[in-house]
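The whole structure should be built from the sequences, with the hints applied where relevant.
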Amino acid sequence: MARISLQDLRHSYLPSPRTEADWALKHMSVDWSDGGAYALLGPSGCGKTTLLNIISGLLTPTEGRVLFGDEDVTDMPPDRRNIAQVFQFPVVYDTMTVYDNLIFPLRNRGVSGADADRKVREIAAMLELDDMLPKRAAGLTADGKQKISLGRGLVRSDVNVIMFDEPLTVIDPHLKWVLRSKLKELHQRVGSTMIYVTHDQTEALTFADQVVVMHEGTVVQIGTPVDLFERPRHTFVGHFIGSPGMNVLPCTVDGGQAVFAGQAVQTADAPTDTNGAKTLEIGVRPEFVSFASDGIPVQVTKVSDAGRYRIVDVQHDAATLKLLVPEGEDIPSGSAHIRLDPAHTRVYADGWMLNGGAAA
Amino acid sequence: MNGKTSNPKAWLFVLPVVALVAFNALIPLMTVVNYSVQETFGDNVFFWEGVKWFEQVLHSDRFHASLGRQMTFTAIILAIEVPLGIAIALAMPRRGVWVSVCLVLMALPLLIPWNVVGAMWNIFALPDIGLLGRMINGLGIDYNFTQQPIAAWFTTILMDVWHWTSLVVLLCYAGLRSIPDAYYQAAKIDGASGWAVFRHIQLPKMKRVLTIAILLRFMDSFMIYTEPFVLTGGGPGNTTTFLSIDLVKIALGQFDLGPAAAMSLIYFLIVLLLCWVFYTLMMRGEQQ
Amino acid sequence: MTMAKVKWLAPTLYIVFLMLPIYWLLNMSFKTTNEILNTFSLWPNEFTTDNYVKIFTDPTWYNGYFNSLTYVIINTVISVTVALPAAYAFSRFRFLGDKHLFFWLLTNRMAPPAVFALPFFQLYSAVGLFDTPIAVALAHCLFNIPLAVWILEGFMSGVPKQLDETAYVDGYSFWRFFIRIFLPTIAAGIGVAMFFCFMFSWVELLLAKTLTSVAAKPIAATMTRTASTAGYELGLLAAAGTLTIVPGAFVIYFVRNYIAKGFALGRV
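Chains as they are written, first to last, in the working numbering: chain E, 1 to 360; chain C, 1001 to 1288; chain S, 2001 to 2268.
There's no promise every hint is true.
Claimed, not checked - With a straight-line cut-off of 27 Å between C-alpha atoms, the simulated DSSO-like cross-links for lysine-lysine are:
no.: 1; chain 1: S; residue 1: K2161; chain 2: C; residue 2: K1004
no.: 2; chain 1: E; residue 1: K119; chain 2: E; residue 2: K176
no.: 3; chain 1: C; residue 1: K1188; chain 2: C; residue 2: K1004
no.: 4; chain 1: S; residue 1: K2161; chain 2: C; residue 2: K1205
no.: 5; chain 1: C; residue 1: K1188; chain 2: E; residue 2: K119
no.: 6; chain 1: C; residue 1: K1207; chain 2: S; residue 2: K2054
no.: 7; chain 1: S; residue 1: K2007; chain 2: C; residue 2: K1188
no.: 8; chain 1: C; residue 1: K1052; chain 2: C; residue 2: K1249
no.: 9; chain 1: E; residue 1: K278; chain 2: E; residue 2: K26
no.: 10; chain 1: S; residue 1: K2161; chain 2: C; residue 2: K1009
no.: 11; chain 1: C; residue 1: K1205; chain 2: C; residue 2: K1188
no.: 12; chain 1: C; residue 1: K1004; chain 2: E; residue 2: K135
no.: 13; chain 1: E; residue 1: K119; chain 2: E; residue 2: K135
no.: 14; chain 1: E; residue 1: K135; chain 2: E; residue 2: K176
no.: 15; chain 1: C; residue 1: K1249; chain 2: S; residue 2: K2161
no.: 16; chain 1: E; residue 1: K135; chain 2: C; residue 2: K1188
no.: 17; chain 1: E; residue 1: K278; chain 2: E; residue 2: K322
no.: 18; chain 1: S; residue 1: K2217; chain 2: C; residue 2: K1205
Stated by the list, open to error - If you want a taste of the chain C side facing chain E, the calculated C-beta under 10 Å gives, among others:
no.: 19; residue: Y1183
no.: 20; residue: L1203
no.: 21; residue: K1205
no.: 22; residue: R1208
no.: 23; residue: D1220
What the hints assert, rightly or not - Some chain S residues well away from chain C (every beta-carbon gap over 10 Å; in silico):
no.: 24; residue: D2050
no.: 25; residue: V2077
no.: 26; residue: L2096
no.: 27; residue: F2130
no.: 28; residue: T2244
Simulated from the structure, these hints should not be mistaken for lab results. Predicted model only: the values in this text are computed from it and were never measured. Built from N, CA and C at the ideal position, the CB exists for glycine as well.
What follows is the structure in structure tokens.
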């Protein structure tokens, strides 16, 4: 087991990429610490699967190096990298029994006899597949097959990292919960690094200790679920994570202060240097906006009930924003004023948070 | 087969098909059955003969010989075309411009009229003017398919391999293309050997199309007529006279309608029976 | 790794093997009969297009092409037209005897044409269609209709039933739905079915020859006559043979992207 480092990685599916848009993965360097539970989160087409396939060795990156510990594995095929991968659609060998499926990776590596048998039974028990062992794998349900895919990774004692590529896509909703908590439990028992690719924020936030958010081929933020919620480094993260997403409002910066709607807005860090950014925006989550007796004048346009709280849409000129109002509090109709919580209000320059560490 | 609604009116949809096929299949079949139990000396005068012709055909050495040649031929071409077709399908590029080029060129022999196939191979294999004939003789092997039974068989089989292997290739290729990339990737990660990938991923996924391929090749090779007739005329002697060639010789050459009709029915029943056996065996294999 | 590098070799060698006899036919078609019989050469020494000129100017030759194309096209149209509703019924409905009917249809694909040659001759003579393209077109329905039903049923079963239901909810009548929505959805399947009908009708000769004598004689039959009666006019034979490959090549080019799927009868 080892730490995984991606150094100065870039990848393009085109033979000779020219423009920035030709790169499926833009320049990045990422470290994955040994034994961590990571989620790789982002919308479809953001490059998650590409990144995953580079780590597993199914793809060789156009530029950069992949290191497992101190060993450079960039040009090493997947079977020599000691990785395991679970795919979106369950992959099982239809002609084999569940037992043969599980022992297959061991046999291919020359492990057999009592050791292999013991390992297979141990993993089958862990995955609650023990009753199924003599059955044909083809006859199992989707979640059973997905467990086999996972089991083929777990039986190997040499595995550096187990990767999951949206593994719950074809699983029934009520089983998703079961399988997801199973994964979490397995991570604690097995202790190997796990990387879980998904576009579903709930899956990512419940599974992972560290979430890697990707957007258009770039890693925009790596952090704990709390970090992503409270300190989104990029407006995309603010928007993608949380429901409803972060409010993003156009602003100007004047005299070291953000200005919105002609009023100075207090922010967590004073925006000193805007680096000549083209667009400047204020980001604040709906959780940190409240009605007040004075502040920014708005019109209330819509109220929707979401159970424990209500989501209120308000408008100032062309800008709309949402705020959450807890049960029992009054909502003014028509004209009102709102206040943004300074501790959770930040200025973004060209999408990136100012002062919080703009360079990726 | 599930999720279908019961609808007796569906018969109206299939009526045109049934009418056309019945016209073509049932009336001629009745004619054949009619002939098979009668004797005629011309002038449309028929005498009831019962099962005499069937007994005669089933006991005739000539029929046994044609049937034996037919079985041997079909067995040989299946043994060559199926493995060869699978091998070529496996070696084909999976994507890119070459796929279209390969497919178009490979499909070409399938669209050549069958007697042109025979004629083409005739002039290709003739020892004096044919490229193949010249090449083989150039290697120091005495080769003349119009004189030597072995050469005639070799040429007929080579022609059939040339003509039909592409069908197996195209079917297997279609089967292979339906395998998602994830299967190959998972196998790579599991450290599977090339043989294991073939045995546990590719072959199972090709099973259905292979069943179709084997059935089609079996049926069509069992009915083969035009190509060997044009190539060798069934000769030298009777050495390449397969069932259809023999049948046409009896029916249209000697005008022995009774025996020809009886033989037709036996022939058709053999094809049906063998197809059914093949199909059942392959389906049973799939369920296990 | 070395395996991957030589992998292209197998298809390449196979294609070379496929092309050799075709090349030889082409080579001969540009030679004079004299050259064919007296010298052996890998390409024409006395290049001539006389063989082709003869085919394009002599009506007994070029009529053969028209006759063949006529019955092939008629057959393709008939087969696919009647197979469409039938395939729809098999893919969507249960009805009395449906499975047996489907199997019976397929058994006709297994009938050796040699078995039917003589009865067909008598049948089509009796109904007065002997020596017409219609006779051959109808006779070829024997094996093409089952095939078209089989292919189309495969493609249609791949279309979710919800499509039909949604259309009815939207107020479409059955035939309007079938023609305006359903047929465009399975356009690829129709193309493939037409390709196969064309192919098997074009390559079949035994029945086509039996059912025609002069007026509707197919090109392929014209060739056999030449080979036997007019001495050994090999150059002419080769040119005629070469020309029979052209329509096939043309048709393949159009369906090249569906070939693989089509050969698997739409069910892969």
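Evaluation of the provided hints:
A threshold of 27 Å between alpha carbons decides the hint, and for K2161/S with K1004/C the separation of about 9 Å falls inside it, so the pair holds. Taken as a hint, the K119/E and K176/E pair is honoured in the structure, with Cα atoms around 26 Å apart against an allowance of 27 Å. A threshold of 27 Å between alpha carbons decides the hint, and for K1188/C with K1004/C the separation of about 41 Å lies outside it, so the pair is violated. Restraint check: the Cα-Cα separation between K2161/S and K1205/C comes to about 26 Å, which is no more than 27 Å; the hinted pair holds.
Restraint check for K1188/C and K119/E: satisfied, since their Cα atoms lie roughly 21 Å apart, inside the 27 Å limit. Restraint check: the Cα-Cα separation between K1207/C and K2054/S comes to about 49 Å, which exceeds 27 Å; the hinted pair is violated. Distance restraint check for K2007/S and K1188/C: the Cα-Cα separation of roughly 18 Å lies within the 27 Å cut-off, and the hinted pair is therefore satisfied. Only pairs whose Cα atoms come within 27 Å are accepted, and K1052/C paired with K1249/C is accepted, the gap being roughly 20 Å.
For the suggested pair K278/E and K26/E, the alpha carbons sit about 21 Å apart, so the restraint of at most 27 Å is met. Pair hint K2161/S plus K1009/C holds up; C-alpha atoms about 18 Å apart against a cutoff of 27 Å. Our distance criterion of 27 Å between C-alpha atoms is met by K1205/C and K1188/C, whose separation comes to about 17 Å. The suggested pairing of K1004/C with K135/E is violated, with an alpha-carbon distance near 31 Å, which exceeds 27 Å.
Proposed proximity of K119/E and K135/E is supported: the alpha carbons are some 18 Å apart, at most 27 Å. Pair hint K135/E plus K176/E holds up; C-alpha atoms about 23 Å apart against a cutoff of 27 Å. Straight-line distance between C-alpha atoms of K1249/C and K2161/S comes to about 51 Å, which puts the hinted pair past the 27 Å bound. Between K135/E and K1188/C, the direct Cα distance comes to roughly 24 Å. Compliance with the 27 Å bound is thereby established for this hinted pair.
For the hint pairing K278/E with K322/E, the CA-to-CA distance comes to about 25 Å; that is within 27 Å, so the pair holds. Taking the CA atoms of K2217/S and K1205/C, the gap is near 45 Å; set against the 27 Å cutoff, the hint is violated. With its C-beta approaching chain E no nearer than about 5 Å, Y1183/C sits inside the 10 Å limit, and its interface hint holds. Hint on L1203/C holds. Least Cβ distance to chain E is approximately 8 Å, under the 10 Å limit.
Taking 10 Å as the C-beta contact cut-off toward chain E, the hint placing K1205/C at the interface holds, the least distance being around 8 Å. The closest approach between the C-beta of R1208/C and any C-beta of chain E is roughly 12 Å, which is over the 10 Å cut-off, so the hint fails. Checking D1220/C against chain E: minimum C-beta separation of about 29 Å lies over 10 Å; hint violated. Here D2050/S stays apart from chain C, with its beta-carbon at least about 18 Å from theirs, past the 10 Å limit.
At the 10 Å boundary, the C-beta of V2077/S stays outside the reach of chain C, the nearest C-beta of that chain being 13 Å off. In this structure L2096/S is not separated from chain C by more than 10 Å, as the shortest Cβ-Cβ distance comes to only about 7 Å. Chain C leaves F2130/S outside its interface by the beta-carbon criterion, the shortest separation being 14 Å against a cut-off of 10 Å. Distance check for T2244/S against chain C: the nearest CB is about 5 Å away, which does not clear 10 Å, and the non-interface claim fails.
In the structure shown, a violation is registered for the earlier hints numbered 3, 6, 12, 15, 18, 22, 23, 26 and 28, in ascending order.
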